[in-house]
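> First to last, the sequence lines map onto chains A and B.
Quick note on the working numbering: the first sequence kicks off at 294 and runs consecutively.
Quick note on the working numbering: the second sequence kicks off at 898 and runs consecutively.
Far from chain B by the CB rule (all over 10 Å, computed), these chain A residues:
#1 L412
#2 E577
#3 V579
#4 L589
In silico negatives: residues of chain B with every beta carbon more than 10 Å from chain A:
#5 G944
#6 A950
#7 D966
#8 T969
#9 N971
#10 D1071
#11 N1077
List of simulated lysine-lysine pairs, BS3-like, C-alpha gap at most 27 Å:
#12 K670/A x K528/A
#13 K456/A x K398/A
#14 K670/A x K317/A
#15 K902/B x K456/A
#16 K317/A x K398/A
#17 K529/A x K902/B
Quick caveat, the hints were computed from the structure, so don't treat them as lab data.
Ideal Cβ placement from N, Cα and C applies to all residues, glycine included.
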Amino acid sequence: MTAASPSISKDVSNVSLNDLVNEKLVLWHFIASLTYVMIAMLAGFLFSLQLLQIYPFPEMELFSPGRWRMVHTNGVAYGFIANAFLGALYWAVPRLTLRRVLSVKLSWFIFVAWQVVVLSTVVGLLTGYAQAVEWGETPIFIDPLAVVGLILVACNFLTPILKSEGPMYVTLWYFIAAFVWTILVYAMGNYIPQFFVGGTAAGAIAGLFIHDLVGLFVTPLGWGLMYYFVPILLKKPIWSHGLSLVGFWGLAFFYPLNGIHHFLYSPIPMFLQYGAVIATIAVELVVTTVVVNFFLTIRGRGDALRTNMPIRWFYIGMVFYFTTCLQCAFQVSLTFQKIVHFTDWVVGHSHLVMFGVFGFWIFGIMTHLLPRLMGAKGWYRTAWNEWHFWLTGIGMLVMFFDLTIAGLVQGFMWRDLAVWEATLTASQPFWLLRTISGSAIIIGQFFFIFNILMTAVYRHSIEPNSQSSGVDPVAPALAS
Amino acid sequence: MFESKSGVFLIAGLFFFVLSFVVMGLLPWMMYINEPEQTLEDLVADGVIHEFAELAEKFPDQFAQHFPDGVTRNSFAEALQRGHDIYVAEACWHCHSQQIRPVSGEDLRWGPVSHAREYQNVLQRPVLFGTRRVGPDLIREGARHSNDWHVAHFHTPVNVVPTSVMPRYPWFYDDDDYPNRDGMSIITYVQWLGSWLAEYPYYRGEGPSGDTLGHVEKVTEAAVTP
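Construct all of the structure, not just a fragment, from the sequences and the given hints.
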C-alpha cells in the first residue's frame, strides 16, 4: 500500500499529478474498450443481417446469430462501457482524492483479469454456455471470477476515496455507491435466479438485475464522470451543488425500485408492477436534476459546442439522455406497454441509453484524454473527429427513430391480430434502415480508431489544437 | 450524515439496495414460497409424451442411436432438459417470449393468459419470460405444429415460412439431415411447452381434449381463466 502522506492534501500545489495517475492504465483500458466496442458492433451488424435474411454464415455453429446477439449486449456492457469507465476512474479518482489507487500491480492484475472475464464470456457464449439471465448471460463458471474482479476494483478505488479528507465532491459519492452496488447487483442477478429461486419471483429479480445494471452501475459512474469532466472542460464549477445532492439521493432511493417494470402484465403480482411504474416515473424527475445541472452549467458557453469536441459529445449525449428518460416515463405506463412491449421500440430505447448516452459520454472523455495519454499535443486530424461525431450521431438518431416507429408498427399490427408473417414483412424496411444506420455508426468508429493510430504514430510532430484541451486544473478546487 | 462517506456507503449503497431487493425481489419470492417448484421428474410424470414417442416412430434408427433406452420417462426427461439447455444456449429466448399477457389480444392469438404456477418448475430457472418477440411466443407452442414441420423448420426456416428471419440450425441434424440428439431434444422441448394445460393442444383438433370446433369456445373461456 503506497498511500500519499496526509500532509499532501494540506498543500495542493506540491502534488504532482503525474505521480498520482498511471496514464498507461487509462490508455490500456481505453484500448480494450475500443476493441470490444468494435467486436460488439460487428456482432450487432451480423445479427441485423439475419433479420434481413442475408446472413453470411448460416451453416456455422460458432457464427449462429443468436449467440452473436448475446456477444453484442455483453460486449457493450462488460467490454466497452466497463473498460472505458475503469480507464476514466483511474484518471479521475486519484485527481479527486489526491491519492493513488491502492496498488498499481493490483490495477494491472484487474486489467488482465477483466479482459479474461470478458473474453471468456465471449468464447463461452459462442460455444453455447449462456446463462438465461438477460445481460447476465456470462456463463455460470465465469461469474465467480467476475465478482472477485468487481470486489478488487472496489478495494482499489475505495482506498484513496476513504482516506481523503475534507468535503467530498459529488462525483465521489456516485463512485462510492456504484462500487458497492455493482458487486451486489452482479451477484444478485447471476446467482439468485439460477440457484435460489425459480419461476415468477426469479423474473422479478431478473428484471431488477437488468435495470440495476443500467441504474446502479452505468448511471452513477456516468453521472459521476460528467460531474467531473464537464466543469473541468468548461473551467467553471457545476451550476448547483445542492441539486446534485438531490439527484444523488433520488437516484439511490428510486432507481433500484424500478426492476419489475421490465415485466409488466406478466404473472408478477400487479401491485408490485404498479409500484415499479410509480418509482420509474419518480426517476424521471431525478434525472431532470442532472440534466438541468448540466445545461445550466454550460449556459453562456455555447461556443464550446463548436470548438470543444468532448463538450459536444457530452452535450448531445445529455440531449439523448433527456430524450430517453422522457420516453421512458411514457413507455413505462401500462397504456404504452400494451403496445410497445416485446417490440423494436424497446430495442431503440436501449440503444439510445447505452450507446447514445453513455457511449457518447465515453467518446467525449476519450476524445479529451487520448492524445495526451499517447504523448501527443493534439489529434492527428480534427476533421476525422468531426466525421466520427457526425456519422455516429446521425446513425444513432436515425436508428432510434427507425426502431421506435418500427415498434409502433409491430405493436399495433399485433394488437390488430395481423398474421404474424405480415408483421415480419412490415418490419423489413425498418430493419434495413437499422442496418444502414448501424453501418454509419461503425464507419464513424473507424474514423476514430484510425485517427488514434495516426495520432500515436505522429505524436511528436502534432501541433496543439482545440480538440485536445491542455486543461489540467487541480480538481479539489471544485469541491467546495 | 448525508454528505459523509459512511452515509453514502451505508444508506445509499447498502440500505437502499437492500430495501429495493426486499420490495422488488423478496416480496414476490415470499408470495410464491408455498408454490412448490416442480422437478424434472414431476414434469415428466405430468407431461404429454406422445410427440416424443412420435419422433421415435418417425426416425426409429436415429432415435435408437441417440436415446438407446427407447421412449421412457428417463429419456423423455433427458430430452426435455437438453432441449431446454439448447433453447438457452442458442438464445432462442431473446427472440421468442414465453409469456401470454392479458392485453393486446394476446390470448386470442396465442392462448390462455400465463399464470404464475406455470413457471414454478426447474425448466423455468432462470425464468424464460423473454423481452422481445421477433418470432412468435412459444409458451403455447406444443402441438401447434407437427414434428415434421419442426424438423423442416429448424433446418431451414424459410423453406417453411418464407418471410421467416429465424436462423438455420444445421447442427441439429446428422449428415443425412435427420435430426440428431440435439435436434430431437429441442423439438421435444418446444412440443412440450403448454402441454400442461387442460386446453392442450390449443391449436389442433387432436390430442387429449381437442376437437376442431371447440376452438372458438376455448378462446372465450381463456379470457376468464385466471
